[in-house]
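A.B. asks: Sequence:
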Amino acid sequence: MPPLPSARQKAERRGRFGETLVAFYLRAQFYRILAVRAKSPVGEIDLIARRGRNVIFVEVKLRRHIDGLGDALMAVNRRRISRAAQYYLARHPQYGDYTLRFDVIFLAPFTWPRHVKGAFETLE
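Take 18 as the starting number for the sequence shown in the working numbering and just add one per residue.
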C-alpha cells in the first residue's frame, strides 16, 4: 500500500489544479499562456499570459471561502513576483516593449474566479 500524501503534497496538488483551472479561464478570454510555474532564482510566477501587447504575470490564490479576499491580496508577495518578472523579461527580450500587468485570480469552491486586474504595480 503506498504511503498517504502529506499535507504539503496535497497543497501542491490543489495548487496545480487551481493553476490549470485559471489557465483554462484565461484561454477562454483569449489570453495566450506563455508559461506555467515560471521558475527563477528569486521565485516562481504561477502563470504568465499575453493578450495583445500586454504581458500579464498572474498569481493564483485558492481559498476555501470567497470572504477575506482583501487579506489574501495583501498577503501576495509582490517583491518576489516583481523580481521573478524582471528575470523572465531578461530571458525573453521580445516582450521588453510590451505593457506589463500584475494580476491576482482568486478561486473558491462554487464561485466564479475573481480576477483582480492590475492588482499591484511593480516594486522596482
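For the record, the hints were derived by calculation from the structure and aren't laboratory data.
Be careful, since some hints might not be right.
[Said to hold, decoys possible] Mimicking DSS-like on lysine-lysine, the simulated pairs with C-alpha atoms at most 25 angstroms apart in a straight line are:
#1 LYS56 <-> LYS78
#2 LYS134 <-> LYS56
#3 LYS27 <-> LYS78
#4 LYS27 <-> LYS56
[Said to hold, decoys possible] Label-pair distances were calculated between CB atoms; the ranges are:
#5 ALA24 <-> ARG49: 18 to 24 angstroms
#6 PHE127 <-> ALA28: 17 to 23 angstroms
#7 TYR115 <-> ALA24: 35 to 41 angstroms
#8 ARG25 <-> VAL53: 30 to 36 angstroms
#9 ARG70 <-> ALA24: 30 to 36 angstroms
#10 SER23 <-> ALA45: 18 to 24 angstroms
#11 GLN103 <-> PRO126: 16 to 22 angstroms
#12 PHE41 <-> GLN103: 23 to 29 angstroms
Treat the numbers as computed from the prediction; the structure is a model and nothing was measured.
Just so you know, even glycine gets a beta-carbon here, dropped at the ideal spot from N, CA and C.
A.B. asks: Hint by hint, say whether it matches the structure.
C.D. replies: Evaluated hints:
no.	hint	result
1	LYS56 <-> LYS78	holds, 17 angstroms
2	LYS134 <-> LYS56	holds, 22 angstroms
3	LYS27 <-> LYS78	holds, 15 angstroms
4	LYS27 <-> LYS56	holds, 20 angstroms
5	ALA24 <-> ARG49: 18 to 24 angstroms	violated, 34 angstroms
6	PHE127 <-> ALA28: 17 to 23 angstroms	holds, 20 angstroms
7	TYR115 <-> ALA24: 35 to 41 angstroms	holds, 39 angstroms
8	ARG25 <-> VAL53: 30 to 36 angstroms	violated, 20 angstroms
9	ARG70 <-> ALA24: 30 to 36 angstroms	violated, 42 angstroms
10	SER23 <-> ALA45: 18 to 24 angstroms	violated, 33 angstroms
11	GLN103 <-> PRO126: 16 to 22 angstroms	violated, 35 angstroms
12	PHE41 <-> GLN103: 23 to 29 angstroms	holds, 28 angstroms
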